[in-house]
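Protein chains: 2
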Amino acid sequence: MKQGLLIVVSGPSGTGKGTVCGKLLAETPQLAYSISATTRQPREGEIDGENYYFISREKFEEEIAAGGFLEYADVYGNYYGTPLKKIEERLNAGQDILLEIDTQGALNVMKKCPEGIFIFLLPPSMAELERRIRGRGSETTETLARRMGAAKAEIAAGRKYTYVVVNTTVNMAVKNIQSILIAEHSRVDRNDDAFDI
Amino acid sequence: MKQGLLIVVSGPSGTGKGTVCGKLLAETPQLAYSISATTRQPREGEIDGENYYFISREKFEEEIAAGGFLEYADVYGNYYGTPLKKIEERLNAGQDILLEIDTQGALNVMKKCPEGIFIFLLPPSMAELERRIRGRGSETTETLARRMGAAKAEIAAGRKYTYVVVNTTVNMAVKNIQSILIAEHSRVDRNDDAFDI
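Sequence lines, in order, name chains A and B. Final position of the first sequence in our numbering is 223; the numbers increase by one with none missing. Final position of the second sequence in our numbering is 223; the numbers increase by one with none missing.
If you're looking for bench data, these hints aren't it; they were derived computationally from the structure. Be aware that one or more of the hints could be misleading.
[To be verified] One side of the interface only, derived from the structure: several residues of chain A facing chain B at Cβ under 10 Å:
id: 1; residue: Leu-51
id: 2; residue: Thr-54
id: 3; residue: Asp-122
id: 4; residue: Leu-133
id: 5; residue: Met-136
id: 6; residue: Cys-139
id: 7; residue: Ala-153
id: 8; residue: Ala-182
id: 9; residue: Gly-184
id: 10; residue: Ile-208
id: 11; residue: Ser-212
id: 12; residue: Asn-217
id: 13; residue: Asp-218
id: 14; residue: Ala-220
id: 15; residue: Phe-221
[To be verified] Covered stretches of chain B (in silico footprint by chain A; criterion: 3 or more residues with CB under 8 Å from a CB of chain A, positions within the stretch not fixed):
id: 16; stretch: 79-85
id: 17; stretch: 209-216
[Stated by the list, open to error] No more than 20 Å apart at the CA atoms, straight line, and that leaves these computed lysine to aspartate or glutamate pairs for DMTMM-like:
id: 18; chain 1: B; residue 1: Lys-111; chain 2: A; residue 2: Asp-74
id: 19; chain 1: B; residue 1: Lys-178; chain 2: A; residue 2: Asp-215
id: 20; chain 1: B; residue 1: Lys-186; chain 2: A; residue 2: Asp-219
id: 21; chain 1: A; residue 1: Lys-186; chain 2: B; residue 2: Asp-215
id: 22; chain 1: A; residue 1: Lys-186; chain 2: B; residue 2: Asp-218
id: 23; chain 1: B; residue 1: Lys-186; chain 2: A; residue 2: Glu-210
id: 24; chain 1: B; residue 1: Lys-186; chain 2: A; residue 2: Asp-215
id: 25; chain 1: A; residue 1: Lys-138; chain 2: A; residue 2: Glu-88
id: 26; chain 1: A; residue 1: Lys-186; chain 2: B; residue 2: Glu-210
id: 27; chain 1: B; residue 1: Lys-186; chain 2: A; residue 2: Glu-88
id: 28; chain 1: A; residue 1: Lys-201; chain 2: B; residue 2: Glu-53
id: 29; chain 1: B; residue 1: Lys-178; chain 2: A; residue 2: Asp-222
id: 30; chain 1: B; residue 1: Lys-178; chain 2: A; residue 2: Asp-218
id: 31; chain 1: A; residue 1: Lys-186; chain 2: B; residue 2: Asp-219
id: 32; chain 1: B; residue 1: Lys-201; chain 2: A; residue 2: Glu-88
id: 33; chain 1: B; residue 1: Lys-49; chain 2: B; residue 2: Asp-122
Don't be surprised by glycine CBs; every beta carbon is placed ideally from N, CA and C.
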């Protein structure tokens with residue numbers, strides 16, 4: 027069985043990462059989202075093992091101590107993390123896994139899983155990013171300034187990724203990421219068996 | 027100006043390399059064939075600087091001595107070679123260049139131009155390769171055996187390439203190579219300026 031690829035996509039908030047990843051998943055059958063573990067309560071309709079792995083705070087902290095997460099974060103008092111073992115099982119079964127995380131999480135994944143494919147999504151310009159953030163309509167001058175500052179820090183970290191895709195249009199960005207997947211699957215070092223003909 | 031990519035495609039005779047490269051060029055506007063220098067006489071309708079650079083034997087050997095060829099070969103008493111300076115000029119102008127050469131030439135290019143993109147085209151199987159070679163109808167048992175032996179040696183050298191594409195169908199092979207070009211153009215180390223936004 028050919029090993030699946032771990033695809034890590036990051037980009038500053040407002041780049042349209044969610045839209046791009048949603049369309050990418052819908053149009054790429056062999057690619058599936060990573061399922062996170064969390065300590066927050068399930069919301070109505072959420073299914074354990076499908077939307078999240080819902081686990082207790084105690085269990086989560088045990089797993090942290092055991093090095094069981096590829097990356098994790100504490101968000102407003104709830105833990106969210108990527109369970110290493112579950113990811114490895116799915117990669118070994120030939121499944122490509124998409125991980126949509128911030129640069130801080132991604133830099134940790136780079137250390138634990140350097141064979142991952144790290145893709146940074148850029149907005150076409152800072153002016154366009156600002157326009158997209160303003161478009162959501164819920165920003166004050168202060169929160170806008172804070173988000174633009176955070177975006178600049180994320181973009182600086184993006185230089186540590188392997189690939190960069192500019193999200194000029196969602197379709198182009200999806201096509202570029204799909205091309206990166208095809209290319210990475212075509213690497214000779216992942217296709218030893220292809221030469222045994 | 028963003029630097030163009032040097033794309034080197036090899037594959038055993040009978041793989042359908044010529045058909046794949048022809049279609050790839052027709053469907054990829056930013057990609058152009060490398061123009062070889064040769065000492066053979068121009069045939070009717072051939073234009074200097076378009077089909078080939080036609081040069082004298084003396085000039086060709088001067089260029090060999092000066093290290094002016096990325097690779098060259100003596101084919102039935104005529105020299106053919108890839109002029110390094112011409113390639114560099116076109117790459118610097120942002121043009122992607124396609125070089126369709128055998129593995130011996132490609133291994134030389136790897137040394138002189140390690141930043142090139144080396145793609146090996148495989149037949150789906152040795153049986154299919156034999157069928158394709160037989161299909162040309164001009165093989166004796168002896169020449170067939172010789173060509174199959176040469177194909178095996180070429181395939182063994184293919185493990186030194188970066189990418190492998192199986193030519194199951196021409197369309198799929200072309201799409202895979204185009205994906206490799208898109209992915210390579212998306213590498214962060216080729217897009218420093220994209221982060222200066």
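To see whether the hints hold, each was checked on the structure:
Among the interface hints, the one on A:Leu-51 is violated; its C-beta lies about 18 Å from the nearest C-beta in chain B, farther than the 10 Å criterion. Here the hint on A:Thr-54 is broken, as its CB sits about 12 Å from the closest CB of chain B, past 10 Å. For A:Asp-122, the suggested interface contact is broken, since its CB lies about 14 Å from the closest CB of chain B, more than 10 Å. Hint status for A:Leu-133: violated, given a least beta-carbon distance of 14 Å to chain B, over 10 Å.
At a threshold of 10 Å, the smallest CB-CB gap from A:Met-136 to chain B is about 13 Å, leaving the interface hint violated. Restraint check, A:Cys-139 versus chain B: the minimum CB separation of about 18 Å is more than 10 Å; hint violated. Because the closest C-beta pair between A:Ala-153 and chain B is about 9 Å apart, less than 10 Å, the hint holds. Taking 10 Å as the C-beta cut-off, the interface hint given for A:Ala-182 holds, the closest approach to chain B being about 8 Å.
For A:Gly-184, the suggested interface contact is upheld, since its CB lies about 6 Å from the closest CB of chain B, less than 10 Å. Against a cut-off of 10 Å between C-beta atoms, the interface hint on A:Ile-208 holds, since the closest Cβ of chain B lies about 4 Å away. The beta carbon of A:Ser-212 comes within 5 Å of a beta carbon in chain B, closer than 10 Å, and the hint placing it at the interface holds. Using the Cβ-Cβ criterion of 10 Å, the hint placing A:Asn-217 at the interface with chain B is satisfied: the shortest such distance is roughly 5 Å.
Because the closest C-beta pair between A:Asp-218 and chain B is about 8 Å apart, less than 10 Å, the hint holds. Proximity of A:Ala-220 to chain B holds as hinted, the smallest CB-CB distance being about 5 Å (cut-off 10 Å). The closest approach between the C-beta of A:Phe-221 and any C-beta of chain B is roughly 6 Å, which is under the 10 Å cut-off, so the hint is satisfied. Counting residues of the stretch 79-85 of chain B whose CB lies closer than 8 Å to any CB of chain A gives 0, so the stated coverage by that chain is violated, three being the minimum.
Interface restraint, the stretch 209-216 of chain B with chain A: holds (5 residues with C-beta to C-beta distance below 8 Å; minimum three). Pair hint B:Lys-111 plus A:Asp-74 does not hold up; C-alpha atoms about 61 Å apart against a cutoff of 20 Å. Simply put, B:Lys-178 and A:Asp-215 have alpha-carbon atoms about 19 Å apart, close enough for the 20 Å limit, and the pair holds. The hinted pair formed by B:Lys-186 and A:Asp-219 meets the criterion: a straight-line CA distance of about 14 Å does not exceed 20 Å.
Using a Cα cut-off of 20 Å, the hinted pair A:Lys-186 and B:Asp-215 holds, with the two alpha carbons roughly 9 Å apart. A distance of roughly 11 Å separates the Cα atoms of A:Lys-186 and B:Asp-218; the hinted pair therefore holds under the 20 Å criterion. Between B:Lys-186 and A:Glu-210 the alpha-carbon distance is near 16 Å, which keeps this suggested pair within the 20 Å criterion. Restraint check for B:Lys-186 and A:Asp-215: the C-alpha separation of about 9 Å stays at or below 20 Å, so the hint holds.
Simply put, A:Lys-138 and A:Glu-88 have alpha-carbon atoms about 19 Å apart, close enough for the 20 Å limit, and the pair holds. This hinted pair checks out: A:Lys-186 and B:Glu-210 have alpha carbons roughly 16 Å apart, not beyond 20 Å. Distance restraint check for B:Lys-186 and A:Glu-88: the Cα-Cα separation of roughly 45 Å exceeds the 20 Å cut-off, and the hinted pair is therefore not satisfied. As the CA atoms of A:Lys-201 and B:Glu-53 are separated by approximately 16 Å, the hinted pair is consistent with the 20 Å bound.
Only pairs whose Cα atoms come within 20 Å are accepted, and B:Lys-178 paired with A:Asp-222 is accepted, the gap being roughly 10 Å. A distance of roughly 15 Å separates the Cα atoms of B:Lys-178 and A:Asp-218; the hinted pair therefore holds under the 20 Å criterion. Note on A:Lys-186 and B:Asp-219: the hinted pairing holds, with a Cα-Cα distance of about 14 Å set against a maximum of 20 Å. The straight-line distance between the Cα atoms of B:Lys-201 and A:Glu-88 is roughly 47 Å, outside the 20 Å bound, and the hint therefore fails.
Simply put, B:Lys-49 and B:Asp-122 have alpha-carbon atoms about 15 Å apart, close enough for the 20 Å limit, and the pair holds.
Checked against the numbered hints above, the structure breaks hints 1, 2, 3, 4, 5, 6, 16, 18, 27, 32 and satisfies the rest.
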